[in-house]
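One line per chain: the protein sequences are A and B, in this order.
Sequential numbering from 1 applies to the first sequence in the working numbering.
Sequential numbering from 1001 applies to the second sequence in the working numbering.
It is worth saying that the hints were derived from the structure and are not from the lab.
In this text, all values refer to a predicted model and were calculated from it rather than measured experimentally.
Backbone N, C-alpha and C define an ideal beta-carbon position, used for all residues, glycine too.
No incorrect hints appear here.
Rough simulated footprint, nothing fancy, chain A against chain B, three-plus residues with beta-carbon under 8 Å:
1. 1013-1019
2. 1137-1147
3. 1172-1182
4. 1218-1231
Listed below are the simulated DSSO-like cross-link pairs for lysine-lysine, each with C-alpha atoms no more than 30 Å apart in a straight line:
5. B:LYS1356 x B:LYS1294
6. B:LYS1425 x B:LYS1186
7. A:LYS122 x B:LYS1193
8. B:LYS1186 x A:LYS122
9. B:LYS1444 x A:LYS26
10. A:LYS122 x A:LYS26
11. B:LYS1151 x A:LYS88
12. B:LYS1276 x B:LYS1356
13. B:LYS1425 x B:LYS1193
14. B:LYS1186 x B:LYS1444
15. B:LYS1193 x B:LYS1276
16. B:LYS1294 x B:LYS1276
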Amino acid sequence: MSAHPGGILASYRFVDAAADAIRQLKAEGYRDFTVYTPVPNVEIARAIGHRASPVRLWTLIGGLTGCVSGFALTLWMSFDWPLVVGGKPIGSVIPYVVIAFELTILFGAGATILGLLFHTRKNRQTGAYDGRFTDDHIGIFVPCPSERHRAVEALLRSAGAEEVRVDA
Amino acid sequence: MATIVREDQITRPTYHEITRDIAATIGSPSRSYYVLLGFVLVVLAVGVGALLYQVRFGLGVAGYQPPVMWGVYITTFVFWVGIAHSGTLISAILYLFRSAWRTAVYRTAEAMTVFAVMTAGLFPVIHVGRLWYAYWLFPYPNQRQLWVNFKSPLLWDVFAVSTYFTVSTLFLIVGLVPDIAALREKATGWRRKLYEVTSLGWRGTDQQWRHYTRAYLYLAALATPLVLSVHSVVSWDFAMSIVPGWHATIFAPYFVAGAIYSGVAMVVTLLVPLRKVFRVERYITVDHFENLAKLLLLTGMIVGYAYGIEYFMAWYSGSPYERASFWNRAFGDYWWATWTMILCNGVLPFFLFFRKVRRSIPAMFVLSLFVNLGMWFERFVIIVVSLSYEYEPYAMGHYTPTWVEWSILAGSFAWFFMWFLLFAKNFPTVSITEVKEIIPMPRKERVRT
Chain A
1 MSAHPGGILA SYRFVDAAAD AIRQLKAEGY RDFTVYTPVP NVEIARAIGH RASPVRLWTL
61 IGGLTGCVSG FALTLWMSFD WPLVVGGKPI GSVIPYVVIA FELTILFGAG ATILGLLFHT
121 RKNRQTGAYD GRFTDDHIGI FVPCPSERHR AVEALLRSAG AEEVRVDA
Chain B
1001 MATIVREDQI TRPTYHEITR DIAATIGSPS RSYYVLLGFV LVVLAVGVGA LLYQVRFGLG
1061 VAGYQPPVMW GVYITTFVFW VGIAHSGTLI SAILYLFRSA WRTAVYRTAE AMTVFAVMTA
1121 GLFPVIHVGR LWYAYWLFPY PNQRQLWVNF KSPLLWDVFA VSTYFTVSTL FLIVGLVPDI
1181 AALREKATGW RRKLYEVTSL GWRGTDQQWR HYTRAYLYLA ALATPLVLSV HSVVSWDFAM
1241 SIVPGWHATI FAPYFVAGAI YSGVAMVVTL LVPLRKVFRV ERYITVDHFE NLAKLLLLTG
1301 MIVGYAYGIE YFMAWYSGSP YERASFWNRA FGDYWWATWT MILCNGVLPF FLFFRKVRRS
1361 IPAMFVLSLF VNLGMWFERF VIIVVSLSYE YEPYAMGHYT PTWVEWSILA GSFAWFFMWF
1421 LLFAKNFPTV SITEVKEIIP MPRKERVRT
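Sequences are here, hints too, so could you generate the full structure?
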């Protein structure tokens, strides 16, 4: 494991207990803590209060790029070698809608994946972790200097942590 | 800490049980798995052998006879593209509708989609004969400075099917990542290494979920119109031609409904043995089969209605060619194919009005096999029978598939099942994360200590 910040790792069985802990941490001014959950959870997400993910912007830009590329590709190639086929105009926009539509979806989906990879990597959290967090426990890792360990531990325990450990 | 848990929490599996039960499906399956895999590989070898024979001696070994130059290969292509459709219906469309029951079955359906498109994609290439020129389908700069014909529905198909394959594969992989992370903790040996790499460093952090849930939503939103477009485009391969029996505006919705119908049937065909072999009866229950049965009933009735409308329009249009084409379908050389299709797709699904049938797994399994058979014949009837009986009596002909075509068809099933069996052994066929999602996380408020 690469060097990760020291801090306190708490695990919770109950979702409302974890949400309480998150709210208390925020009230105390902690911002850079990490919450691990086995499934996405609305209560936890509300307690953390992230803004909507910017991945949607990637989807939009990808989709629009795909649409423009679809028309550009078909029209440019048609006029590059102007050959009348089936008595239709050289640049027939209506049949090209199909290609543009497919590329809208293709580029939109591709950009969504790239956005997902980019943003999860950018916001990568390298704090302490436990394998149970993908199973049935909720984890909260609070990076903090050693002199604050006791206060953070007390806060996490009071919210109902099942287990708290110091991760140096 | 002694905990008293509410009764409904006892009957529902806990998160830990879900991980444990689904993780148990991976690894060393029973002997029947290997017997099945061995059988599938033998059939695949027969198909590959037939294909090599065709490559060596040319397309003449297929039964093409003018005017029927589209036969079993194109029929099978449309069949497999159709099979692919229910996967996206269950994974994307039902996701957008927040349908909770989909969670246990969607992974199977989605994997089936990817493997069905992989199978379908082989057939246009096999059909054109010279496999090694398949890249001509794509627009690439070449010495003759010629580009592909974007006005042709066949080229739309290239774009639609390759987009569909890419997007459904991405969708499958994205859904798998959190599950693989859950398995990573329990796996040992080479599988652990595989999962460590393929889980892409997933830990379920708040930031990961924040971006993941959005990305998943948008992928579903993109896949939904895509799935409708793909089979519409496939239907235009036919509807854009002026062949009697093909040139109809009903084709796109008719094909999409038929695709979902055949796909749901294939999901049922796969789920029945899967839940037994991998012991996931607790997760894939009779209720799931009943819901699938309702989908089958709905799409089956749309398909049956479309059959009726086709005949009605042939009569109502007043076109002698249309009338002759449809008369030939029902009473001509290929009457047996038409009536197989009508019986399997138009009549048998009515049994699903009975709750007993919907909730009987053996009955559903048998019915799903009939639907698969009927849907293959539907495409055979549309393609072969229409082509064999166009306008001029002197240009009519009869096509009989050869052993090469039947062997390649059988090989395609083997190819599909081989991928599915390999997938089922190494990756969770029931989504761990999504099955957990429909069960509320435990709360301390509800538990007395």
